[in-house]
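Q: Chain by chain, the residues:
There are 2 protein chains.
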Amino acid sequence: MNACLLKNFGTTVRRLREARNWSQEQLAEHADLNRSYVGEIERGQVVASILTVEKLARAYGLSGAVLLEHCEKSRTPQPAKGIDLAAIAC
Amino acid sequence: MNACLLKNFGTTVRRLREARNWSQEQLAEHADLNRSYVGEIERGQVVASILTVEKLARAYGLSGAVLLEHCEKSRTPQPAKGIDLAAIAC
Numbered sequence: 003m004n005a006c007l008l009k010n011f012g013t014t015v016r017r018l019r020e021a022r023n024w025s026q027e028q029l030a031e032h033a034d035l036n037r038s039y040v041g042e043i044e045r046g047q048v049v050a051s052i053l054t055v056e057k058l059a060r061a062y063g064l065s066g067a068v069l070l071e072h073c074e075k076s077r078t079p080q081p082a083k084g085i086d087l088a089a090i091a092c
Numbered sequence: 003m004n005a006c007l008l009k010n011f012g013t014t015v016r017r018l019r020e021a022r023n024w025s026q027e028q029l030a031e032h033a034d035l036n037r038s039y040v041g042e043i044e045r046g047q048v049v050a051s052i053l054t055v056e057k058l059a060r061a062y063g064l065s066g067a068v069l070l071e072h073c074e075k076s077r078t079p080q081p082a083k084g085i086d087l088a089a090i091a092c
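Residue numbers (my numbering), protein chains in the order written: chain P, 3 to 92; chain H, 3 to 92.
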C-alpha cells in the first residue's frame, strides 16, 4: 500500500505540474521546495510530510485535502462493465 | 502557517478519536502506529507524513483527503455576521 500511495502521489504532483507547463524548477520555486526534492517526490522515492503536501497544494492553488483527493482518484480505476478490477487496483 | 497546520491536524486527530471513545492506545492499535507517536501527533509536536495520514484516516474509516478536509475545516472559522475574523483565523 505504501509504495502505491507514494507512487500515486508523485504521479499526481507531476500531472498537475505538467498541466501548468511548469518545469520541476518552477514548481519548486512556487512551492518553496528544493528542485531535487520535487523530483524525488514525483518519482515516489521520498515520503512527503503534510507540510510538503500543503506547500505543493498551495503552489497549485489547491488545498492539501483536494491534492490528496486528486491522488486518491488517480488510484481508483473505473472498472469495465462486468469486470471487477479491484483486485489489481494497486 | 506550519505550527498552525500541525496543531490543527493534531486537534482533528484527537477529536475524531474522542468521538469514538478510543484511548490513544486504541487509536494506535487501529492505525498500526506507536502510542507515544499518536500522542505527539495530537499535540502537534511531530510532522506527520502522508503515510501516517493514510494510516490514521483508515483507522477512522476515512480517506486521507477527508481527514485533511476535517483538519482544514477546523481552522476555518465561520465569521460572525458583519465581522471579518480572517485576520485571527490562526
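Derived from the structure by calculation, the hints contain no laboratory data. Hints are not guaranteed to be accurate.
Intra- or inter-copy, both count: the list cannot distinguish identical chains.
Unchecked claim - No farther apart than 30 Å at their CA atoms in a straight line, the calculated lysine-lysine pairs in the BS3-like style are these:
1) K9 to K75
2) K57 to K9
3) K57 to K75
Q: Hint by hint, note whether the structure agrees.
A: Hints, one by one, checked against the model:
1. When the C-alpha separation of K9 and K75 is checked against a cutoff of 30 Å, the pair qualifies both within a copy, at 13 Å, and between copies, at 27 Å.
2. For the homomeric pair K57 and K9, the shortest alpha-carbon distances inside one copy (18 Å) and between copies (16 Å) are both at most 30 Å.
3. Within a single copy, K57 and K75 get their C-alpha atoms as close as 20 Å, and across copies as close as 18 Å, so both meet the 30 Å cut-off.
Hint check: no violations occur; every hint is consistent with the structure.
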